[in-house]
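Participant: Okay, here's what each chain looks like letter by letter:
2 protein chains.
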Amino acid sequence: MWIWYRDDFEIYHGMKQNFDRERPGNMLWPAFWKMDSWNTNVVFKKTYNLKEETTFTAYAEGDGYVNAHGRLLPLGEEIKIGPGEVNISVNIGSMETLPALFIEGEVIHTDESWTATNFRENLPVGYSSLYKDKNIKPENIPYMETKYLPGLTKMVNGGHLFDFGCLLNGVPEVICEKAVDLYFGETEAEATDISGCYLYQKNVGKDTKIKRRGFRYIYVPETEGIRVSISAKHQFVPIKVKGRFRSGDELLNRIWSVAEETYKMCSGLFFIDGVKRDRWIWSGDAYQSYFVNPYIFFDEEINKRTIRALRGNKLTDQHLNTIVDYSMYWIMSIENEYTMTGDVDFVASMYDKAEAMMNLLFSQRDKNGFIVKRPGDWIFIDWADMDKDGALSSEQMLFLNCLNVMARLSKLLKKDGRKYVREAKKLKENIDKFFWDEEKGAYINCFESGKRNVTRHPNIFALLYDIASEDKKKTILEKVILSDSVPAITTPYFKFFEMDMLAKYGYLDKVMEEIKSYWGGMLSLGATTFWEEYDPKKQGKEHLSMYGGPYEKSLCHAWSASPIYLIGRYFLGVYPTKAGYETFNVEPKLSYFDSLKCEIPVKDGILYIDYDGEKLEVECDREGGTLVLDGKKTEIPVI
Amino acid sequence: MWIWYRDDFEIYHGMKQNFDRERPGNMLWPAFWKMDSWNTNVVFKKTYNLKEETTFTAYAEGDGYVNAHGRLLPLGEEIKIGPGEVNISVNIGSMETLPALFIEGEVIHTDESWTATNFRENLPVGYSSLYKDKNIKPENIPYMETKYLPGLTKMVNGGHLFDFGCLLNGVPEVICEKAVDLYFGETEAEATDISGCYLYQKNVGKDTKIKRRGFRYIYVPETEGIRVSISAKHQFVPIKVKGRFRSGDELLNRIWSVAEETYKMCSGLFFIDGVKRDRWIWSGDAYQSYFVNPYIFFDEEINKRTIRALRGNKLTDQHLNTIVDYSMYWIMSIENEYTMTGDVDFVASMYDKAEAMMNLLFSQRDKNGFIVKRPGDWIFIDWADMDKDGALSSEQMLFLNCLNVMARLSKLLKKDGRKYVREAKKLKENIDKFFWDEEKGAYINCFESGKRNVTRHPNIFALLYDIASEDKKKTILEKVILSDSVPAITTPYFKFFEMDMLAKYGYLDKVMEEIKSYWGGMLSLGATTFWEEYDPKKQGKEHLSMYGGPYEKSLCHAWSASPIYLIGRYFLGVYPTKAGYETFNVEPKLSYFDSLKCEIPVKDGILYIDYDGEKLEVECDREGGTLVLDGKKTEIPVI
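So the sequence lines, in the order shown, correspond to chains A and B. Under numbering that gives the first Met the number 0, the residues of the first sequence are numbered 0 to 638, in order. Under numbering that gives the first Met the number 0, the residues of the second sequence are numbered 0 to 638, in order.
Keep in mind the hints are simulated off the structure, nothing from the lab. Quick caveat, the model's predicted, so the values are computed rather than measured. Mixed in with the good hints there might be a few duds.
Pairs count within a copy or across copies, as identical chains cannot be separated in the list.
In silico BS3-like cross-links for lysine-lysine, where the CA-CA straight-line distance does not exceed 25 Å [to be verified]:
| # | residue 1 | residue 2 |
| --- | --- | --- |
| 1 | K536 | K509 |
| 2 | K418 | K432 |
| 3 | K153 | K540 |
| 4 | K366 | K418 |
| 5 | K201 | K79 |
| 6 | K136 | K15 |
| 7 | K15 | K313 |
| 8 | K418 | K372 |
| 9 | K15 | K44 |
| 10 | K425 | K473 |
| 11 | K136 | K208 |
| 12 | K372 | K313 |
| 13 | K413 | K425 |
| 14 | K515 | K494 |
| 15 | K413 | K577 |
| 16 | K153 | K201 |
Please build the complete structure, drawing on both the sequences and the hints.
Facilitator: Below, the structure written as structure tokens:
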């Protein structure tokens with residue numbers, strides 16, 4: 000297998016991904032935050048105890064040499080060595096791509112037991128199941144390709160409109176006797192509006208390199224009298240869909256399946272936000288994707304790749320995507336991944352970087368111990384209107400949760416986490432002291448502005464992360480969450496946290512109603528993937544506009560796939576009770592379904608849920624499951 | 000002109016340079032320390048106040064777009080804008096090379112007044128006089144080339160030996176009807192010893208890319224019956240030699256001229272240590288090169304490029320080349336550059352990085368405030384045998400000098416440097432308390448080993464950097480420096496500090512004697528460039544070996560060019576008395592010369608020193624000079 004300095008693969012390809020965004024007019028838009036770079040010089044090492052002489056050949060991405068127990072030898076040539084204890088090390092430098100090593104040999108070959116040093120730290124190597132073949136170089140992505148022919152071609156305003164029938168992420172192949180202009184669209188309206196279209200590439204001839212893009216339609220104007228045909232290669236990283244959901248409710252079934260399509264499209268090497276736009280890896284967006292994953296892919300690697308890519312190098316002075324809250328979701332995501340996979344090694348591999356990020360957060364506290372903005376930091380939380388003067392309560396709620404997460408992760412790794420416990424206690428006291436408003440029965444947004452505004456955000460976090468006391472929780476539910484007097488959450492991004500919290504506190508009717516109206520609303524408008532945002536009050540082409548552009552809205556956006564999580568976690572009620580699903584519960588809420596025929600992945604297994612309206616059958620191909628129904632617990636039979 | 004994010008050019012090419020070392024057998028040996036990477040995404044910015052409409056075209060290394068006051072437009076196309084105040088910014092991303100920008104236009108064009116941000120800091124851009132032409136891309140080095148034909152070709156052991164007459168740094172061109180093996184050498188012995196030769200490349204055919212190397216000889220074995228001819232392109236960065244030295248002493252003249260050749264060969268984009276080996280940028284080696292520069296090139300840019308390349312990015316947790324003392328020479332070099340050039344802007348541009356380096360040093364102090372080794376750090380000082388347990392006095396002397404340098408640089412920039420003054424005072428006290436041995440009349444090497452060994456190193460520093468009190472200085476001179484009982488300095492590297500100190504304290508006889516015997520000794524063995532090391536006790540081919548290899552010694556090594564500095568600074572006595580040679584002294588020691596006919600550069604000028612054994616004429620093409628002779632000061636006339 001190919002091996003590399005841990006996290007370098009993700010840093011390298013993460014940078015490529017974040018340089019993949021486009022401005023209208025075939026102009027590349029590299030990310031607007033500082034990108035960490037991979038290590039350009041690395042030494043790979045392993046000691047072998049050889050019973051007899053053996054041979055091996057080292058192949059590399061980059062230049063360098065093999066040190067075969069003191070003999071310095073070239074790459075690419077067979078080396079004889081042994082018997083006895085031998086140290087093998089390989090020095091590789093590469094400015095063009097990540098230094099990587101592949102050793103072929105019966106006894107001596109690259110595997111996960113090698114280490115690599117960047118001359119600062121010697122660490123277990125990074126590797127991936129995608130790069131087991133010598134010819135699949137780590138600088139490239141081994142996409143699977145499906146060729147699509149347009150299902151429908153029609154003439155519009157003197158040009159050809161090609162409809163591929165579904166959203167693709169790939170590269171068109173154009174056959175035409177002269178150079179043509181290509182206008183891409185998620186919708187017909189977008190592709191055919193050549194003055195407003197978001198993605199286009201002009202003067203495409205026989206040898207023009209066409210960028211990989213997200214599109215369903217391609218419009219070629221001014222084609223009268225010429226022949227033009229277009230096919231398209233859809234490129235994707237193969238990740239198996241394991242979750243299946245069928246119920247008696249056809250709307251719910253369609254919501255699941257369109258969410259699945261949305262989620263698949265936004266899952267490549269990494270979780271990106273959207274296929275047409277931004278194509279960037281945003282920590283806040285990815286955080287929501289981690290929740291969906293166990294119910295549909297149960298793919299452990301995409302989570303890890305995304306977590307590694309987002310964080311970059313240990314030494315840092317910036318927040319992920321420049322956003323302070325996004326750094327905190329990143330810390331929380333490590334525990335999420337552990338809960339899903341039980342992979343302690345992964346937690347150990349991220350711990351130093353999590354600690355370095357906590358130190359950055361510690362360094363920007365004010366006199367009350369609250370996280371505040373440094374110059375260049377973005378305090379986001381949500382696009383909603385809110386007072387952002389000084390310390391923001393939502394930010395402190397996330398920080399308190401991070402402290403609790405770090406305390407638990409430290410304990411897991413048997414490291415000293417007393418600092419986190421101590422700081423969490425102090426912060427909790429100060430949150431209550433400075434942000435709790437007894438009269439309003441809520442946490443206010445910030446106290447330094449003097450306005451004492453209440454928004455839902457900090458109160459949702461206070462419930463979701465169990466920060467508020469039981470008394471306060473009750474008050475918050477009544478005076479904020481269930482009250483119409485506090486402005487509603489309007490962004491689908493924050494709706495995720497709201498729905499998760501509502502479901503956690505048992506308000507499943509409200510959640511189901513929202514799933515059917517919000518996501519069902521998009522379906523009723525013909526959505527084949529779920530959108531970045533949906534406002535039922537808008538009409539026609541208004542639905543396509545965002546950020547001031549007529550077609551700037553992404554119509555396939557990862558965070559809109561959350562019904563899969565909400566249904567899987569709360570309505571089918573599948574969740575681990577010990578990390579890595581060593582034990583897990585299935586707690587289906589049958590009152591919401593006429594019937595069910597579902598397959599939901601668990602770690603190393605599949606869970607089958609069958610319900611015909613009367614009889615419920617739950618089975619699994621592995622042990623550890625408990626069915627919880629009407630408060631009664633029974634062991635789930637193994638098939 | 001091309002512009003880039005400040006220091007990125009040097010970081011990019013510094014990495015290329017440090018990946019240019021070779022192991023015998025055409026194997027690349029990337030540097031064995033962590034290399035910082037350039038910023039891969041950058042935004043360039045400038046605001047113009049346009050009287051009328053104007054046009055410009057932006058060219059880039061990398062991909063991106065132009066934001067012309069809100070209009071997003073492609074690179075490479077002419078843009079019309081104005082009149083009025085307009086903000087121009089250009090976003091560029093490049094993983095392959097440093098992002099760089101060149102704007103052509105009458106009013107709007109790139110120059111040093113632009114700024115660039117890496118999304119963490121917005122800084123004045125970097126630029127270079129080498130990259131004023133649009134077609135000279137910053138990713139390439141605009142080498143001048145001279146073609147050399149071998150002066151002599153002879154048959155040796157059935158092969159051809161080509162002698163180019165002098166050391167070259169370049170690429171051979173081979174014409175031969177079949178593929179041949181090339182063995183390179185600084186000497187004939189090396190080239191023709193095909194089992195011990197350091198640099199060789201086998202199986203070189205018509206299309207084989209040959210690496211750029213340092214060599215004088217090329218040997219091609221087994222050429223009987225075939226025709227082979229070789230020429231070579233010597234490649235160099237054009238830097239003008241301004242210093243000329245002629246005296247009545249032919250030996251001294253030859254020492255100067257061979258030192259000049261040595262120095263020229265080791266000066267490219269950066270000061271490297273040697274041409275054959277290592278071809279790396281070592282901070283300690285470069286530090287000595289900075290002293291020679293004003294007496295021969297007075298090239299301000301090569302110093303700055305080297306200083307920038309060595310340091311890398313602001314955020315750091317490692318010492319330069321992993322060596323703690325090398326980080327400290329780097330800090331000192333900023334003041335050196337200021338003394339030479341008077342360039343306050345340069346000091347300002349390096350101050351943050353110097354401060355970050357000081358913070359790293361502060362972070363690794365022991366309870367007495369002494370710098371100690373962290374894991375992975377290399378405490379070097381010299382190859383000489385010395386006790387390195389715990390805090391080393393030499394290291395503390397350098398650190399104290401750094402504190403004093405930082406205090407002065409802070410004052411120069413009107414920044415608060417009180418911390419440095421305070422820490423310097425404390426450190427000075429502790430150095431005397433822990434390392435001064437009254438009985439030995441010397442600073443001991445370290446106290447933690449309990450051995451109380453005395454070496455010359457810390458005592459040389461104590462004198463050179465004026466750390467010891469006047470009383471202690473006297474004792475040190477007597478009991479250490481001029482005493483035969485303390486082991487002599489044996490490495491040419493540390494001999495530089497010893498000679499500088501001896502000359503500073505007036506021991507010019509000793510210095511002249513050493514110049515003539517040590518450097519003269521190499522000349523008597525036929526040296527055409529000065530060697531990495533010279534031991535008169537060695538015989539024949541013994542002179543070529545080092546580090547355990549028969550030909551591993553570099554025979555053209557930058558640090559051996561120091562006679563130029565010693566002669567220029569102390570015997571011709573040219574030195575600035577105000578930064579940037581605003582005023583300068585010429586204090587020639589005529590007793591060492593029968594005659595002199597010299598041209599020595601000063602900032603923006605040339606100084607002429609003419610002495611026929613009786614009459615001394617000193618003139619300059621600019622003002623500010625003072626002739627100091629027998630304690631008498633006279634203004635140097637301007638011609």
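Participant: Indicate, hint by hint, whether the structure satisfies it.
Facilitator: Results of checking the hints against the structure:
1. K536 to K509: within (20 Å within a copy, 93 Å between copies)
2. K418 to K432: within (21 Å within a copy, 37 Å between copies)
3. K153 to K540: within (21 Å within a copy, 83 Å between copies)
4. K366 to K418: Classified as both; 18 Å inside a copy, 24 Å across copies.
5. K201 to K79: between (56 Å within a copy, 21 Å between copies)
6. K136 to K15: Both ways: K136 and K15 sit 15 Å apart in one copy and 23 Å across, limit 25 Å.
7. K15 to K313: So K15 and K313 pass the 25 Å test inside a copy (20 Å) and across (24 Å) alike.
8. K418 to K372: Result: close within a single copy only, 23 Å intra versus 27 Å inter.
9. K15 to K44: between (28 Å within a copy, 24 Å between copies)
10. K425 to K473: within (23 Å within a copy, 59 Å between copies)
11. K136 to K208: Both, since 22 Å and 23 Å are each at most 25 Å.
12. K372 to K313: both (21 Å within a copy, 21 Å between copies)
13. K413 to K425: Classified as within: same-chain Cα gap 23 Å, cross-chain 40 Å, threshold 25 Å.
14. K515 to K494: within (14 Å within a copy, 82 Å between copies)
15. K413 to K577: For K413 and K577, only the intra-copy Cα distance (18 Å) is at most 25 Å; the inter-copy one is 60 Å.
16. K153 to K201: Only inside one copy: K153 and K201 sit 20 Å apart there, 62 Å across copies, limit 25 Å.
Violated hints for the displayed structure: none, as all numbered hints are satisfied.
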